[in-house]
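Q: Using the hints provided, position chain B relative to the given structure of chain A.
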Amino acid sequence: MKDKHIIDVLDNRSLLNLSESELSEIQVHVRECVSCREAYEAARVSAIVLQSRAQATIEPSPFFQTRVMAAWREQQATESVPAMWRLWSSAKALVSTMAVTTAALAVLSFVIPATPASDQTVSYLSADSVIMGQASDEQMSYEQVLATIYEDDDEAR
Amino acid sequence: MELDLARQAQGGDESAFAEIVRRYSPRVFSVASRFFRQRSLVEEAAQEVFLKAFTQLGSFEGRGSMEGWLTRIATNTCLNMVRGAKRRPEFTVSDLTDDEQSWLDHQSAGNEGAQPSVENSVVATDLADRLLAVLSPEDQQALLMIDGEDASIKEVAEATGWSESKVKVRAFRARRKVREAMEKLLARTNAGQVTNER
Chain A
17 MKDKHIIDVL DNRSLLNLSE SELSEIQVHV RECVSCREAY EAARVSAIVL
67 QSRAQATIEP SPFFQTRVMA AWREQQATES VPAMWRLWSS AKALVSTMAV
117 TTAALAVLSF VIPATPASDQ TVSYLSADSV IMGQASDEQM SYEQVLATIY
167 EDDDEAR
Chain B
80 MELDLARQAQ GGDESAFAEI VRRYSPRVFS VASRFFRQRS LVEEAAQEVF
130 LKAFTQLGSF EGRGSMEGWL TRIATNTCLN MVRGAKRRPE FTVSDLTDDE
180 QSWLDHQSAG NEGAQPSVEN SVVATDLADR LLAVLSPEDQ QALLMIDGED
230 ASIKEVAEAT GWSESKVKVR AFRARRKVRE AMEKLLARTN AGQVTNER
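Read top to bottom, the protein sequences are chains A and B. Oh and the first sequence: position 6 is 22 in the working numbering, straight run, nothing missing. Oh and the second sequence: position 32 is 111 in the working numbering, straight run, nothing missing.
If you are wondering where the hints come from, they were derived from the structure by calculation, not from laboratory data. What you are looking at is a predicted structure, and each value in this text was computed from that prediction instead of being measured. Note that the Cβ used here is the ideal one computed from N, Cα and C, for glycine as well. One or more of the hints may lead you astray.
Quick list of simulated restraints, FRET-style, between CB atoms [to be verified]:
(1) A:75 with B:89: 25 to 33 Å
(2) B:151 with A:109: 37 to 45 Å
(3) A:117 with B:146: 53 to 61 Å
(4) A:75 with B:151: 36 to 44 Å
(5) B:98 with A:115: 48 to 56 Å
(6) A:106 with B:82: 18 to 26 Å
Not the full set, but computed from the structure, chain B residues with beta-carbon under 7 Å of chain A [to be verified]:
(7) 95
(8) 97
(9) 106
(10) 109
(11) 200
(12) 203
(13) 204
(14) 226
(15) 227
(16) 254
(17) 256
What the simulated footprint calls covered on chain B by chain A, stretch by stretch (three residues with Cβ under 8 Å from a Cβ of chain A suffice, anywhere in the stretch; the number is not a length) [said to hold, decoys possible]:
(18) 83 to 90
(19) 147 to 161
(20) 233 to 246
So here's chain A without its partners, still in its complex pose (with noise of 0.2 Å):
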């Protein structure tokens, strides 16, 4: 290993599977090959930073059992209820949902609008009485006018 490098040695296996005499041949190889050297030196490094990693475990808390069994016992409740009823918790509400904003929407189209006609209707007649100045309920129909003209003319000869 003296004349060789080690970098492949150092990628291949973790320091600390190497044996003793393994360590002490790369170190002599180390004090003459630099770029080994700052190979061995990360390696080294980071065989201690992820030993520290490694270490850095949590415990389970004494709650733990009790949370799992509850969220076990819920999961067992979930799956006794039949599929279709599951089904049709979570629909009722969107079902419910629709069917009000459809009988709504059917009493805005069918119900509300008779009542602006017939206030148009009302309007246009006002209209008309304040031009005529005359009374709704005293408009003339077509063949009166012209009744009422042909009189005029029969009074005028």
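A: Chain B only, in chain A's frame:
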């Protein structure tokens, strides 16, 4: 014995399932801790593992240990949880905190026998997370188990369900990437030390 416990739990015996949770929680937490640092995330993952294990109890045939079977479920569940997470780009010396910088200075000065303290462990663990963030979750697992926990290739293969050659490739690739990233950090740290000395 383990098979009996599994069959009882599968049949809806609450105390049997509670016994499985009690007995194997430390192992499942240990696996989840490789993936997450926050307690809330570790607990969430562990709960997911046990609920999933319950639905798969029928597949446990008692040929291997229940701990091994749960380890595999835990590893795959955690991998699925972190797969969607966005990986951080490679960090540089300028991203290091003062504590991380001085820890690296200390290491590159050749102080191998640094005093092991809680603070030093936290800094080293933070640095490890930064380095591991440049790897895929699968490569992180392989490297942490082999180089961090001293697990064998075979043990990693059993825990993950990957072939041994796949584990070797992942570990090689991950080790090289992490070493190269660390080499850059140390080179810049050393350059900074030289500049400061001048």
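Q: Which of the numbered hints are not met once you compare them with the structure shown?
A: Numbers 4, 6, 7, 9, 17, 18, 19 and 20, in rising order.
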